[in-house]
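These protein sequence lines map, in sequence, to chains Y and G.
According to the UniProt record's numbering, the first sequence is numbered sequentially starting from 1.
According to the UniProt record's numbering, the second sequence is numbered sequentially starting from 1.
Treat the hints as calculated values from the structure; they're not laboratory data.
Honestly, I wouldn't trust all of these hints.
[Claimed, not checked] Computed list of lysine-lysine pairs in DSBU-like fashion (alpha-carbon distance at most 30 Å, straight line):
| hint | chain 1 | residue 1 | chain 2 | residue 2 |
| --- | --- | --- | --- | --- |
| 1 | G | Lys206 | G | Lys226 |
| 2 | G | Lys206 | G | Lys69 |
| 3 | Y | Lys65 | G | Lys138 |
| 4 | G | Lys65 | G | Lys138 |
| 5 | Y | Lys65 | G | Lys108 |
| 6 | Y | Lys169 | Y | Lys61 |
| 7 | G | Lys108 | Y | Lys115 |
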Amino acid sequence: MFRNQYDTDVTTWSPTGRLFQVEYAMEAVKQGSAAIGLRSRSHVVLACVNKAQSELSSHQKKIFKVDDHIGVAIAGLTADGRVLSRYMRSEAINHSFTYESPLHVGRLVVHLADKAQVCTQRSWKRPYGVGLLVGGLDESGAHLYYNCPSGNYFEYQAFAIGSRSQAAKTYLERRFESFGDSSREDLIKDAILAVRETLQGETLKSSLCTVSVLGVGEPFHFLDQETIQKVIDTFEKVPEDEEGEAGEGEAEAAAAAPAEQGGGGAGVGEPFHFLDQETIQKVIDTFEKVPEDEEGEAGEGEAEAAAAAPAEQGGGGAGDQDVAPMEM
Amino acid sequence: MTFTIPIDNGDSVKNAEADSQRTLYPYVTGTSIVAIKYKDGVLMASDMGGSYGSTLRYKNIERMKAIGKHSLLGASGEISDFQEILRYLDELVLNDNMWDDGNSLGPKEVHNYLTRVMYNRRNKFNPLWNTLVLGGVKNGESYLGMVSMIGVSFEDNHVATGFGNHLARPILRDEWHADLSFEDGVKLLEKCMRVLLYRDRSAINKLQIAKITEEGVTVSQPYSLKTFWEFKAFNNPTAGAEGSW
Numbered sequence: 001m002f003r004n005q006y007d008t009d010v011t012t013w014s015p016t017g018r019l020f021q022v023e024y025a026m027e028a029v030k031q032g033s034a035a036i037g038l039r040s041r042s043h044v045v046l047a048c049v050n051k052a053q054s055e056l057s058s059h060q061k062k063i064f065k066v067d068d069h070i071g072v073a074i075a076g077l078t079a080d081g082r083v084l085s086r087y088m089r090s091e092a093i094n095h096s097f098t099y100e101s102p103l104h105v106g107r108l109v110v111h112l113a114d115k116a117q118v119c120t121q122r123s124w125k126r127p128y129g130v131g132l133l134v135g136g137l138d139e140s141g142a143h144l145y146y147n148c149p150s151g152n153y154f155e156y157q158a159f160a161i162g163s164r165s166q167a168a169k170t171y172l173e174r175r176f177e178s179f180g181d182s183s184r185e186d187l188i189k190d191a192i193l194a195v196r197e198t199l200q201g202e203t204l205k206s207s208l209c210t211v212s213v214l215g216v217g218e219p220f221h222f223l224d225q226e227t228i229q230k231v232i233d234t235f236e237k238v239p240e241d242e243e244g245e246a247g248e249g250e251a252e253a254a255a256a257a258p259a260e261q262g263g264g265g266a267g268v269g270e271p272f273h274f275l276d277q278e279t280i281q282k283v284i285d286t287f288e289k290v291p292e293d294e295e296g297e298a299g300e301g302e303a304e305a306a307a308a309a310p311a312e313q314g315g316g317g318a319g320d321q322d323v324a325p326m327e328m
Numbered sequence: 001m002t003f004t005i006p007i008d009n010g011d012s013v014k015n016a017e018a019d020s021q022r023t024l025y026p027y028v029t030g031t032s033i034v035a036i037k038y039k040d041g042v043l044m045a046s047d048m049g050g051s052y053g054s055t056l057r058y059k060n061i062e063r064m065k066a067i068g069k070h071s072l073l074g075a076s077g078e079i080s081d082f083q084e085i086l087r088y089l090d091e092l093v094l095n096d097n098m099w100d101d102g103n104s105l106g107p108k109e110v111h112n113y114l115t116r117v118m119y120n121r122r123n124k125f126n127p128l129w130n131t132l133v134l135g136g137v138k139n140g141e142s143y144l145g146m147v148s149m150i151g152v153s154f155e156d157n158h159v160a161t162g163f164g165n166h167l168a169r170p171i172l173r174d175e176w177h178a179d180l181s182f183e184d185g186v187k188l189l190e191k192c193m194r195v196l197l198y199r200d201r202s203a204i205n206k207l208q209i210a211k212i213t214e215e216g217v218t219v220s221q222p223y224s225l226k227t228f229w230e231f232k233a234f235n236n237p238t239a240g241a242e243g244s245w
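With the hints as extra help, turn the sequences into a complete structure.
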């Protein structure tokens, strides 16, 4: 798609009857990492690929529980997805409270679609940049829907969205006719195999994917790493040099990276505090050979501007230059 | 053209003038409703009287109505409030039907919705002066519940409102059992209604029995119960007390 003069705002039609901003929003969905959904008559499985920004960070949560009988997997702008998940949870719980009955997933997706449509018809809004795979139970059995930024929704037997989802879709297209009568275990296996397709050659490990299940008599829940790995082991030979990363493949973003900047630190049972110069220096000494003419200037190499240098500037007089003490 | 602006006197708890805008006492009231679960669903009985204080003013009031496909609502208490509730439920059922998606409101949902309405009105000190009985069948499961004007709500195998609580429930506790046939169910309800007819001054001898099963709701034509007044004690009431009349 190329830039053109009709794509500046969402309330401008192109002469060929297109709303480019809405189409661009659908592009955003394709940029997110893959999410896959499939259903049988009684169960729905949602799976996604855990892609982290970098090796240092954890992956983002892409599958959310909306209620015991509804789950949603997202692809695209995860922030938009989180907000919509919160909306879905609130609709579900309000219905539950008033009617003491679970909200029909078919009605929830219509509410969601109507909400998305509003953003395609207001000049001061932008479309949501996230695609949602909503899986849920209703009186007539298990259902899987796809809600897109345009405000449309479709029902599917199986679907995949996000980057390299075409590979998963091809796999699902070959197999979908059998999903209706699949057992729960086969459905899970097919979901994981579909995830593998999107990895294009990378070895599948349980830390790379998150899988969730819901069904008749089975409330929504995530499968743990071991269970996923067992399924993977039935079809994948794990090469010797890759250790099984038990990892945090679970969608718990929060727990992953407690802050450790600079000379300060915090941990379980240990309130935040700064490390003193000696302690830091001792650590440095374990790997750095200090040349003789430089007296130990406690390295403030860390990001703590304020505290790291309490009046120990200019060294113990051993420095050649007169170093002006730092103004605090 | 003139408009009258509705006067908002605010909070009716603190402002006496606002009292004219909330329910203080009932005016036209219906008496007991008695209902039981039976083999195929739920049976409900009520008479057709509407009392204006101690006057039996209206004798053709239907106090039981079908709600949607799966429920039956019976009400005792203020008739105008019952009609208001029917309007709320009408809107609820209409919106449910407009979805046109194969899903429909069952008796449990209607009962809980009514509980929320009644309780919220009570919290505003402006109750709907009714005790409601909600029965229904959906997907083979029978449901029977009750909500009072203060929002007390529960389910049971047999329920009764007003005088029915005191006169009918003891009979039901002794004689109700699961899987009553239609005929036995009707006989049991008629027994309760007869006692109420003898002893409740606001009851009239013109009753309807409604049935709800998986197939739907049917409300019978009004009919009357046979009564017997030739008890010896009624014939000569002062026999045991000389000098009384």
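So, going through the hints one by one against the coordinates:
Annotation: proposed proximity of Lys206/G to Lys226/G holds, straight-line Cα distance about 11 Å (limit 30 Å). Simply put, Lys206/G and Lys69/G have alpha-carbon atoms about 27 Å apart, close enough for the 30 Å limit, and the pair holds. For a cut-off of 30 Å, the pair hint linking Lys65/Y to Lys138/G stands: about 28 Å separates their Cα positions. Between Lys65/G and Lys138/G, the direct Cα distance comes to roughly 17 Å. Compliance with the 30 Å bound is thereby established for this hinted pair.
A distance of roughly 25 Å separates the Cα atoms of Lys65/Y and Lys108/G; the hinted pair therefore holds under the 30 Å criterion. Simply put, Lys169/Y and Lys61/Y have alpha-carbon atoms about 22 Å apart, close enough for the 30 Å limit, and the pair holds. Straight-line distance between C-alpha atoms of Lys108/G and Lys115/Y comes to about 29 Å, which keeps the hinted pair within the 30 Å bound.
Comparing the model with each earlier hint shows no violations; every hint is respected.
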